[in-house]
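Spelled out from the first residue to the last, the chains are:
Number of protein chains: 2
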Amino acid sequence: MTQRPLILITNDDGMAAPGLKALVEVARHLGEVVVVAPDSPQSGQGHAITISEPLRLKKVNTFESIEAWECSGTPVDCVKLAKHIVLKDREVNLCLSGINHGSNASINIIYSGTMSAAMEASLEGINSIGFSLLDYSWEANFSACKPFIQEIITYVLSNGLTNCKLLNVNIPMVNHEEIKGCLICRQSEARWVERYVESEDPRGQKYYWLTGDFVNYDDGKDTDIWALENGYISIVPSGHDLTRYEAIEHLKPLETAVLTN
Amino acid sequence: MTQRPLILITNDDGMAAPGLKALVEVARHLGEVVVVAPDSPQSGQGHAITISEPLRLKKVNTFESIEAWECSGTPVDCVKLAKHIVLKDREVNLCLSGINHGSNASINIIYSGTMSAAMEASLEGINSIGFSLLDYSWEANFSACKPFIQEIITYVLSNGLTNCKLLNVNIPMVNHEEIKGCLICRQSEARWVERYVESEDPRGQKYYWLTGDFVNYDDGKDTDIWALENGYISIVPSGHDLTRYEAIEHLKPLETAVLTN
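Quick mapping for you: the protein sequence lines, in order, are chains A and B. Taken in order, the first sequence gives residues 1 to 261; the numbers are from this note's numbering. Taken in order, the second sequence gives residues 1 to 261; the numbers are from this note's numbering.
Treat the hints as calculated values from the structure; they're not laboratory data. One or more hints might be untrue.
Restricting the straight-line Cα-Cα distance to at most 27 Å, the calculated cross-link-like pairs of lysine-lysine (DSS-like) are [stated by the list, open to error]:
1) K58(A) x K88(A)
2) K206(A) x K58(B)
3) K146(B) x K252(A)
4) K180(B) x K146(B)
5) K59(B) x K58(A)
6) K21(B) x K88(B)
7) K59(A) x K206(B)
8) K206(A) x K88(B)
9) K221(A) x K180(A)
10) K146(B) x K21(B)
11) K58(B) x K88(B)
12) K88(A) x K206(B)
13) K180(B) x K221(B)
14) K21(A) x K58(A)
15) K21(B) x K58(B)
16) K146(A) x K252(B)
17) K206(A) x K21(A)
18) K21(B) x K180(B)
19) K88(B) x K59(B)
20) K21(A) x K88(A)
21) K21(A) x K146(A)
22) K180(B) x K206(B)
23) K180(A) x K146(A)
24) K58(B) x K180(A)
25) K252(A) x K221(A)
26) K59(A) x K21(A)
27) K221(A) x K252(B)
28) K59(B) x K206(A)
29) K221(B) x K146(B)
30) K252(A) x K58(B)
31) K146(A) x K206(A)
32) K180(B) x K252(A)
With the C-beta cut set under 7 Å, the calculated list includes, among others, these residues of chain B facing chain A [stated by the list, open to error]:
33) I51
34) Y111
35) Y155
36) T162
37) V193
38) Y196
39) V236
40) S238
None of these values were measured; they are calculated from a predicted model. Don't be surprised by glycine CBs; every beta carbon is placed ideally from N, CA and C.
Same shape as in the complex, but just chain A (with noise of 0.2 Å):
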């Protein structure tokens, strides 16, 4: 690639969060960044699309010589604003998305507004990589990973992916000196076990608020969280393929069954 690489940026924690700025501030070396980012924290929006309203877009100072937008939707809003809005249908080489303020690893991926920007750029083709830390903190220090992000990012420009668009890293809250690498895992087997607290509002009306803990069932060593514990960043190469292929000849019975029906 004689010139430089055209680098999408985008999170779900919103234009303001310390995460966009810790990955503008390793990208900016690699690339012309262009970054396009909620107005507003976006956690847990998921794939969401905003299709019943019209979508603003907004240039913005907040990194010195990078030109950068905050759009009033989702991530994936943000990430379709980009290509077909700002960017004019250039070619982008590659989209980044966070650093997320707290894990995306496992069963979060399907939740998380990150990686589903990211997620969305892969659906159109561009290598994507989403980057989370596991600190949900807004202070959270992002100093110990960004060699880190930045071997990652090198290491995509320079080799491309094979048989997939899209990376979710995630990065244990550990001191850099701490992180023993990384290691290429697959998605593991968990789930919340959500809890609501109940309470009332100051009009006496009954309210609910999601919580809940993060249980893993799956106890394999080739998982994403099982390289978080053991200090190592987590890749797991992903895709939007949902079809559980082990079950399509145990179903086929049912084509007979509505056939006769």
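Keeping the supplied structure of chain A fixed, place chain B upon it in accordance with the hints.
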């Protein structure tokens, strides 16, 4: 099953949608039905959850002698609230979502509130089916598909599901006698090619409104799109593991690249 099975029904088009009514009419003969549906349309919500604000539940009398609750959140919120608050962790035998007004075949599964609600229930260990009719109109005619839906629900209640807990069922918009049967399929490789309608609001501010065309890139005859285009109901056994296993080996050199950093 000597007791009547407990069937949870939800959707993403909201409590007032004709598709929900049609699904309740079929399911009420097959078990004890409880409905928890959004209080407003939630199309395109994907796997969004509400974490930054409280949720409300309101008991409604939409369906005669059926327990029904409106929820202020997303389709995924409905399932979580149904399980933990409305049903107080009673064992749910089947979750049904839909009938969606419009296709959720192929890549639409990842944008779909209908399918995300069903997937959420499957994550809780509940066999789940999302139904969609390929007619986006609010006045869609569901009478042709009701006998087929009844057959599919009956089959799953009697036989359970093997190697999966989630079915994505899409029904072509044709008359009953034109439906050739159903086919067990894989998710077709397709995507939306978006356009934005660009305009100005009454205050002279520019806005963008999403539209686009669905493009199928997959010429396999084992896909949901092929089935639907040829007059069959498509049934895709689906899951939540997004790992691209075929990419893992190719990425192994990245482990070394980061270690030698």
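Hint check:
no.	hint	result
1	K58(A) x K88(A)	holds, 16 Å
2	K206(A) x K58(B)	holds, 10 Å
3	K146(B) x K252(A)	holds, 21 Å
4	K180(B) x K146(B)	holds, 15 Å
5	K59(B) x K58(A)	violated, 41 Å
6	K21(B) x K88(B)	holds, 24 Å
7	K59(A) x K206(B)	holds, 12 Å
8	K206(A) x K88(B)	holds, 16 Å
9	K221(A) x K180(A)	holds, 15 Å
10	K146(B) x K21(B)	holds, 11 Å
11	K58(B) x K88(B)	holds, 16 Å
12	K88(A) x K206(B)	holds, 16 Å
13	K180(B) x K221(B)	holds, 15 Å
14	K21(A) x K58(A)	holds, 18 Å
15	K21(B) x K58(B)	holds, 18 Å
16	K146(A) x K252(B)	holds, 21 Å
17	K206(A) x K21(A)	violated, 39 Å
18	K21(B) x K180(B)	holds, 25 Å
19	K88(B) x K59(B)	holds, 15 Å
20	K21(A) x K88(A)	holds, 24 Å
21	K21(A) x K146(A)	holds, 11 Å
22	K180(B) x K206(B)	violated, 48 Å
23	K180(A) x K146(A)	holds, 15 Å
24	K58(B) x K180(A)	violated, 51 Å
25	K252(A) x K221(A)	violated, 34 Å
26	K59(A) x K21(A)	holds, 16 Å
27	K221(A) x K252(B)	holds, 15 Å
28	K59(B) x K206(A)	holds, 13 Å
29	K221(B) x K146(B)	holds, 26 Å
30	K252(A) x K58(B)	violated, 41 Å
31	K146(A) x K206(A)	violated, 44 Å
32	K180(B) x K252(A)	holds, 15 Å
33	I51	holds, 5 Å
34	Y111	holds, 6 Å
35	Y155	holds, 5 Å
36	T162	holds, 4 Å
37	V193	violated, 9 Å
38	Y196	holds, 6 Å
39	V236	holds, 6 Å
40	S238	holds, 4 Å
This entry does not satisfy hints 5, 17, 22, 24, 25, 30, 31 and 37, going by the numbered hints stated previously.
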